[in-house]
Amino acid sequence: MKLIEEYRNPAVMKELAEKVKELGVRSTLMEVCGTHTMAISRFGLRSFLPPEVDLVSGPGCPVCVTADRDIDRAIALSAIGDVTLATFGDMVRVPGSRSSLQEASASGANVKVVYSPLEALEMAKSDRERKIVFLGIGFETTAPAVAATIIEAKRENINNFFVLSLHKLVPPALRALAELPDFHVDGFILPGHVSTIIGSKAYEFLASEYGIPGVIAGFEPTDVMRAIYMLLRMQKEEAEIAIEYTRAVKPNGNRKAIETMHEVFEPCDAEWRGLFRLAGSGLLLRENYKEFDAGEWEVDVPPPLEKKGCRCGDVLCGRIKPMECGLFGKTCTPETPVGPCMVSSEGTCASYYLYCDE
Amino acid sequence: MCLAIPAEVVEVIEGEIAVVDFGDAKKRVSLALVDGVEKGDFVLVHAGFAIEKVDAEEALKTRQLFEELERLNEAN
Ligand code: SF4
Numbered sequence: 013m014k015l016i017e018e019y020r021n022p023a024v025m026k027e028l029a030e031k032v033k034e035l036g037v038r039s040t041l042m043e044v045c046g047t048h049t050m051a052i053s054r055f056g057l058r059s060f061l062p063p064e065v066d067l068v069s070g071p072g073c074p075v076c077v078t079a080d081r082d083i084d085r086a087i088a089l090s091a092i093g094d095v096t097l098a099t100f101g102d103m104v105r106v107p108g109s110r111s112s113l114q115e116a117s118a119s120g121a122n123v124k125v126v127y128s129p130l131e132a133l134e135m136a137k138s139d140r141e142r143k144i145v146f147l148g149i150g151f152e153t154t155a156p157a158v159a160a161t162i163i164e165a166k167r168e169n170i171n172n173f174f175v176l177s178l179h180k181l182v183p184p185a186l187r188a189l190a191e192l193p194d195f196h197v198d199g200f201i202l203p204g205h206v207s208t209i210i211g212s213k214a215y216e217f218l219a220s221e222y223g224i225p226g227v228i229a230g231f232e233p234t235d236v237m238r239a240i241y242m243l244l245r246m247q248k249e250e251a252e253i254a255i256e257y258t259r260a261v262k263p264n265g266n267r268k269a270i271e272t273m274h275e276v277f278e279p280c281d282a283e284w285r286g287l288f289r290l291a292g293s294g295l296l297l298r299e300n301y302k303e304f305d306a307g308e309w310e311v312d313v314p315p316p317l318e319k320k321g322c323r324c325g326d327v328l329c330g331r332i333k334p335m336e337c338g339l340f341g342k343t344c345t346p347e348t349p350v351g352p353c354m355v356s357s358e359g360t361c362a363s364y365y366l367y368c369d370e
Numbered sequence: 352m353c354l355a356i357p358a359e360v361v362e363v364i365e366g367e368i369a370v371v372d373f374g375d376a377k378k379r380v381s382l383a384l385v386d387g388v389e390k391g392d393f394v395l396v397h398a399g400f401a402i403e404k405v406d407a408e409e410a411l412k413t414r415q416l417f418e419e420l421e422r423l424n425e426a427n
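Protein sequence lines correspond, in order, to chains Y and S. All letters in the first sequence, in the order written, are residues 13 to 370 by our numbering. All letters in the second sequence, in the order written, are residues 352 to 427 by our numbering.
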């Protein structure tokens, strides 16, 4: 495919790198999205940046920010005799306190990997005797799809389909980060596909209330470099929220998707690994769709156990780089992951490990 | 996890479902989240749903990276 070359053109990268260097701005930028973390490592983008520009990762991998307590709950649900727990592939290897869904499934629990929540609904339709619980995980990119699936289940009167909603919203997490006393980030590289749904206006508060600029970036090397250049200029001039990924993001986002999400879900408090409980940062099924909510089922969930030495919480807030965790590359590797950041292919620890960054 | 992959709409069925072409595979996706999708349009696909219409040429430019990331996801 020839067109791709434009976004990977070394000459364009060099030119952008020159412009970044000329600005001479000392800066720490946070890439919020796990896919950006991955792309930055994959393409060795750090080697194009002058030493005064540092990149840190944020809480942008939905699997990584899911609290052990919530994973433990999903595992407990999967152990119920007539339940099949369906979820995305990213989720099954993530360790909870005592095991992962994959391990639970090896010892008899019913766990199925699906690509779409619609597949879980199909499973419910084809076996009306079993309860299908879809583990709903993801940010605003994913929540509208799950909402649309729940609306479909209601329309078709499917009463053996349920959702455990662990969805999370990105703007409240960014506000929580900006409020942290030890947060020293000069700009955000904002997520591309979350923003396809919510638009750029959802982040205006970062610039207006906290003076932190943000640029919504695409996922190609030149996209990210251009976003970095834009952020550094804003740092010199004026903090704003801008869109670099104009081919997929509009200021107001996708109204229909937002409305679908709001039709089914309302905001609720949610626990984030590393950020604790954040008001209004999760999504709960509304009264009108309560019959599909597996979140309220009574199950015995033992209290979460701490993972000794794992510093995923600090990694997710940009406080430390993965190498600063004492377990990184020693007891914790992608083959024997201790924390979720080493499991998910978008996890910061895995990205650093796989591409031997720095 | 928030990957969305551009695909070309090759057929629209009863308004709410489309068959899309990712270049190497065809899939049925829901159109419940985007209005006015027609044959020949390009859409971003995430978790079995079209989540936005995108410019055709621009879409093709970015597909390769996503395919690569997907493969890595699957390998993991
Ligand atoms: S290297 Fe492993 S143990 Fe350390 S923070 Fe990352 S995932 Fe946790």
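One thing to keep in mind: the hints can contain errors.
[Stated by the list, open to error] No more than 25 Å apart at the CA atoms, straight line, and that leaves these computed lysine-lysine pairs for DSS-like:
#, chain 1, residue 1, chain 2, residue 2
1, Y, Lys124, Y, Lys166
2, S, Lys377, S, Lys404
3, Y, Lys333, S, Lys377
4, Y, Lys124, S, Lys377
5, Y, Lys268, Y, Lys319
6, Y, Lys137, Y, Lys124
7, S, Lys404, Y, Lys262
8, Y, Lys31, Y, Lys248
9, Y, Lys213, Y, Lys248
10, Y, Lys124, S, Lys378
11, S, Lys378, Y, Lys213
12, Y, Lys213, Y, Lys124
13, Y, Lys320, Y, Lys33
14, S, Lys378, S, Lys390
15, Y, Lys137, Y, Lys342
16, Y, Lys268, S, Lys404
17, Y, Lys302, Y, Lys166
18, Y, Lys320, Y, Lys26
19, Y, Lys319, Y, Lys302
20, Y, Lys262, Y, Lys213
21, S, Lys390, S, Lys404
22, Y, Lys137, S, Lys390
23, S, Lys404, Y, Lys213
24, S, Lys390, Y, Lys319
25, Y, Lys342, Y, Lys320
26, Y, Lys124, Y, Lys302
27, Y, Lys137, S, Lys378
28, Y, Lys319, Y, Lys342
[As the list claims (entries may be wrong)] Footprint (simulated), chain Y over chain S, 3 or more residues, beta carbon under 8 Å:
#, segment
29, 352-361
30, 386-400
Derived by calculation from the structure, the hints in this document are not laboratory data. Built from N, CA and C at the ideal position, the CB exists for glycine as well.
Contradicted hints - numbers only: Hints 3, 5, 11, 12, 13, 15, 18, 19, 22, 24 are the ones this structure does not satisfy, whereas the remaining hints hold.
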